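Input sequences plus hints: build the corresponding full structure.
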Amino acid sequence: MKAIRTYLRAHMREPNFIAYAAMLLVAVLFPITVQFATNGNADYLVGLAADGGVYMLMAIGLNVVVGFAGLLDLGYAAFFAIGSYTYAILASDHMAATPFGHAIHLPFWLLLFIAMFVAACAGVLLGAPTLRLRGDYLAIVTLGFGEIVPQVFSNGGVWTGGVPGMSALDVPKLPFWIQGPWVDQPFGLTGEEFRFTTANLTAYYVLMIVLIIGVVILINNLQHSRLGRAWMAVRENESAAAACGVNTVSIKLLAFSIGAATSGFAGAFYGAKLSYVSSENFGFDVSVTVLAMVVLGGMGNIPGAMIGSIVLYFILFQFLPNAPAQIQGLATSIGLDSLNHATADWPGLGEEVSRMKYVIFGLVLVGIMLLRPQGLLPSQVRKQELTHAGHHEIAQEAG
Amino acid sequence: MNNYAVAALVQRLRTSVVTSPSGSLVNLVGTVVVAYVAVVAAQRIYQGGVTYFLQTMGFGLAQGSIFALVALGYTMVYGIIELINFAHGDVFTLGAFFSLALMPAFGLVEDKISGPALILPMLGLFVVTMLLCGVVNVVIERVAYRPLRRAPRLAPLITAIGMSALLEGIMFVWKGPFNLHYPGFLPETQVTIAPGVQIAAKALVVMAVALVLMVGLTFFIERTKLGKAMRATAQDSDAAQLMGIDINRTISATFFIGAVLAGAGGIIYGLYYNSVAAFDGFQYGLIAFTAAVFGGIGNIPGAALGGVLIGVIAAISDGYFFPAWTQVIIFSILIFVLVFRPTGLLGMRVPEK
Numbered sequence: 009m010k011a012i013r014t015y016l017r018a019h020m021r022e023p024n025f026i027a028y029a030a031m032l033l034v035a036v037l038f039p040i041t042v043q044f045a046t047n048g049n050a051d052y053l054v055g056l057a058a059d060g061g062v063y064m065l066m067a068i069g070l071n072v073v074v075g076f077a078g079l080l081d082l083g084y085a086a087f088f089a090i091g092s093y094t095y096a097i098l099a100s101d102h103m104a105a106t107p108f109g110h111a112i113h114l115p116f117w118l119l120l121f122i123a124m125f126v127a128a129c130a131g132v133l134l135g136a137p138t139l140r141l142r143g144d145y146l147a148i149v150t151l152g153f154g155e156i157v158p159q160v161f162s163n164g165g166v167w168t169g170g171v172p173g174m175s176a177l178d179v180p181k182l183p184f185w186i187q188g189p190w191v192d193q194p195f196g197l198t199g200e201e202f203r204f205t206t207a208n209l210t211a212y213y214v215l216m217i218v219l220i221i222g223v224v225i226l227i228n229n230l231q232h233s234r235l236g237r238a239w240m241a242v243r244e245n246e247s248a249a250a251a252c253g254v255n256t257v258s259i260k261l262l263a264f265s266i267g268a269a270t271s272g273f274a275g276a277f278y279g280a281k282l283s284y285v286s287s288e289n290f291g292f293d294v295s296v297t298v299l300a301m302v303v304l305g306g307m308g309n310i311p312g313a314m315i316g317s318i319v320l321y322f323i324l325f326q327f328l329p330n331a332p333a334q335i336q337g338l339a340t341s342i343g344l345d346s347l348n349h350a351t352a353d354w355p356g357l358g359e360e361v362s363r364m365k366y367v368i369f370g371l372v373l374v375g376i377m378l379l380r381p382q383g384l385l386p387s388q389v390r391k392q393e394l395t396h397a398g399h400h401e402i403a404q405e406a407g
Numbered sequence: 020m021n022n023y024a025v026a027a028l029v030q031r032l033r034t035s036v037v038t039s040p041s042g043s044l045v046n047l048v049g050t051v052v053v054a055y056v057a058v059v060a061a062q063r064i065y066q067g068g069v070t071y072f073l074q075t076m077g078f079g080l081a082q083g084s085i086f087a088l089v090a091l092g093y094t095m096v097y098g099i100i101e102l103i104n105f106a107h108g109d110v111f112t113l114g115a116f117f118s119l120a121l122m123p124a125f126g127l128v129e130d131k132i133s134g135p136a137l138i139l140p141m142l143g144l145f146v147v148t149m150l151l152c153g154v155v156n157v158v159i160e161r162v163a164y165r166p167l168r169r170a171p172r173l174a175p176l177i178t179a180i181g182m183s184a185l186l187e188g189i190m191f192v193w194k195g196p197f198n199l200h201y202p203g204f205l206p207e208t209q210v211t212i213a214p215g216v217q218i219a220a221k222a223l224v225v226m227a228v229a230l231v232l233m234v235g236l237t238f239f240i241e242r243t244k245l246g247k248a249m250r251a252t253a254q255d256s257d258a259a260q261l262m263g264i265d266i267n268r269t270i271s272a273t274f275f276i277g278a279v280l281a282g283a284g285g286i287i288y289g290l291y292y293n294s295v296a297a298f299d300g301f302q303y304g305l306i307a308f309t310a311a312v313f314g315g316i317g318n319i320p321g322a323a324l325g326g327v328l329i330g331v332i333a334a335i336s337d338g339y340f341f342p343a344w345t346q347v348i349i350f351s352i353l354i355f356v357l358v359f360r361p362t363g364l365l366g367m368r369v370p371e372k
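In order, the protein sequence lines correspond to chains X and R.
Start counting the first sequence at 9; every next residue gets the next number (the working numbering).
Start counting the second sequence at 20; every next residue gets the next number (the working numbering).
No false leads were mixed into what you were given.
Using C-beta positions, here's what the derived DEER-type ranges look like:
(1) R:Asp257 <-> X:Arg140: 21 to 29 Å
(2) X:Glu244 <-> R:Val52: 34 to 42 Å
(3) X:Gly343 <-> R:Leu150: 39 to 47 Å
(4) R:Val58 <-> X:His113: 38 to 46 Å
Calculated directly from the structure, the hints in this document are not laboratory data.
Note that this is a predicted model, so its numbers are computed, not measured.
Built from N, CA and C at the ideal position, the CB exists for glycine as well.
Encoded structure:
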């Protein structure tokens with residue numbers, strides 16, 4: 009007991025500690041609260057949060073590449089796509105329709121790691137010839153890769169399902185699971201084998217939280233290891249790091265492939281949860297969104313990237329899609345119902361607001377960056393560097 | 020690929036065989052792939068006949084000219100502040116939208132006006148649209164990039180993405196999600212350049228406009244004081260400042276000129292394709308940016324060359340191979356160029372700092 013108290017006293021003022029604690033608390037309370045608030049009709053919201061977890065995983069992975077190692081990756085969604093397609097090909101009836109001729113049904117738990125491995129290999133394949141490029145050239149190569157991969161999947165014909173993609177993928181299974189009032193059952197363990205379905209999105213949510221906690225612990229350990237210090241050395245000054253005996257190419261390659269692996273991991277979950285993959289879902293906008301999450305949250309800081317992903321995910325997938333209906337409701341309740349109806353030169357309030365979503369998204373990105381260029385929750389080390397360094401060094405250091 | 024690039028490739032191959040075995044393998048595979056593609060392409064072009072080839076080339080050169088105009092803005096901005104200005108592609112679309120809205124004011128109504136009477140109002144339309152785009156881009160720089168010049172490098176990249184979304188959003192709210200019809204003022208005729216050999220007049224007009232603008236830009240960069248200031252700032256902004264150059268003014272001017280070219284590109288895009296939509300510019304911008312990198316980012320003739328080459332390659336891929344793979348081919352070329360010749364076709368080797 010005393011040990012816990014000393015630990016808390018030592019850490020309770022650290023922003024990162026507070027952020028982790030708050031996120032854990034919210035993660036536990038969120039499904040309970042929304043289910044109570046909506047009388048048990050919040051499955052949709054819980055599922056949405058589970059999808060948000062996919063973005064959070066990607067933000068944590070991209071943070072390794074961009075935040076720790078200082079490599080700008082503009083095609084991160086490509087690895088996400090590779091993870092998802094790996095899952096789709098190896099866990100559905102799809103392969104029966106190809107010249108291969110046999111359906112493959114590997115278990116989800118194994119595929120999480122296979123998808124991770126395949127994505128990491130793709131990262132190595134792309135990174136090995138290109139990581140000797142400096143700075144922005146690497147960003148451009150990744151941008152190109154990010155454009156190529158979804159296009160290849162959509163042109164892949166019978167092997168990848170072409171433009172419509174692949175559907176009816178397997179769902180994860182476990183020998184047992186906890187049940188409770190959220191699925192209209194008494195508390196206890198499910199008797200038979202448990203299948204994760206859309207009828208029980210809370211299960212996906214719990215699974216997502218567990219995966220995130222695992223990844224955070226792993227990446228956090230990496231950050232404070234010899235490898236993590238080498239990443240930061242490369243980020244701050246590549247030549248100096250090389251002079252100190254850091255093998256910069258392999259260090260960068262590791263950052264790149266660990267980032268890719270995390271994305272592939274998230275991709276497998278995404279494929280299983282959606283039970284569907286299509287090349288439309290892995291475009292440049294996904295890469296940019298994840299990058300914006302990392303930079304908005306605070307580059308180089310794991311809880312920063314996580315908070316950035318929560319904020320942006322909420323804005324993009326909850327606030328903006330619902331804004332038209334809410335504004336319409338508001339207009340009706342204050343007697344301006346006429347605004348809701350479309351006329352010749354007025355598309356109707358709801359439509360107008362839904363068209364505004366890009367404007368709002370742009371304003372949010374620009375606004376947050378102007379107000380907090382260092383991000384919402386910047387890394388403490390970097391914050392110190394920023395305040396102690398001269399202006400010129402600041403301009404240089406992020407390079 | 021020009022002779023110089025081929026010679027450089029061979030040279031690199033030679034040196035890398037000695038220095039790094041893995042690098043030489045990459046180079047060898049690359050050379051084999053490039054040679055194979057070239058042979059197949061040559062065979063198909065030979066079978067396709069002269070007329071089809073010229074049509075394809077006309078299309079390729081026309082779209083390449085537009086790519087080049089957009090690529091110039093990317094390369095100039097990158098050269099001076101090392102920022103990938105993602106909003107640039109949308110400034111290009113904005114050019115098409117502005118000109119569409121301004122057309123009635125210049126009496127440019129489809130089917131009411133044609134022939135030589137078009138020239139003067141068209142000129143006016145070009146000038147006003149280009150100026151408007153220039154002003155918009157200067158405002159963007161002022162609001163979204165200048166306050167972040169001393170911030171971490173990725174911060175302005177995110178505001179650039181934000182600005183891109185904002186511009187797309189504004190055009191979306193303005194005109195809606197649909198493809199807009201853009202009046203076809205350009206003649207739909209074919210011009211005979213040799214007996215039995217024809218090329219679309221439209222393509223010639225587009226190329227001519229682009230050429231005039233590029234010559235103008237070259238003159239501006241090489242011969243005026245502001246152009247000299249730009250070159251100096253791109254080379255070393257601190258030293259330029261010590262020489263009494265107003266850096267902020269020079270950067271504003273760079274954004275202005277980049278957007279002027281993009282605006283003109285937007286108009287000829289509309290005139291050539293007769294259709295434009297709010298989200299066209301982003302993907303187009305990415306390809307134009309690829310062109311800028313292809314030619315050597317920061318290098319102005321390089322961007323023009325890269326744009327034209329990408330246009331031609333895309334047209335050949337569309338015309339002789341599989342249109343669905345064109346994007347893959349373009350971006351694969353990008354990766355190949357960067358692996359073999361990281362500074363692009365015309366870029367200089369920059370010593371590592």
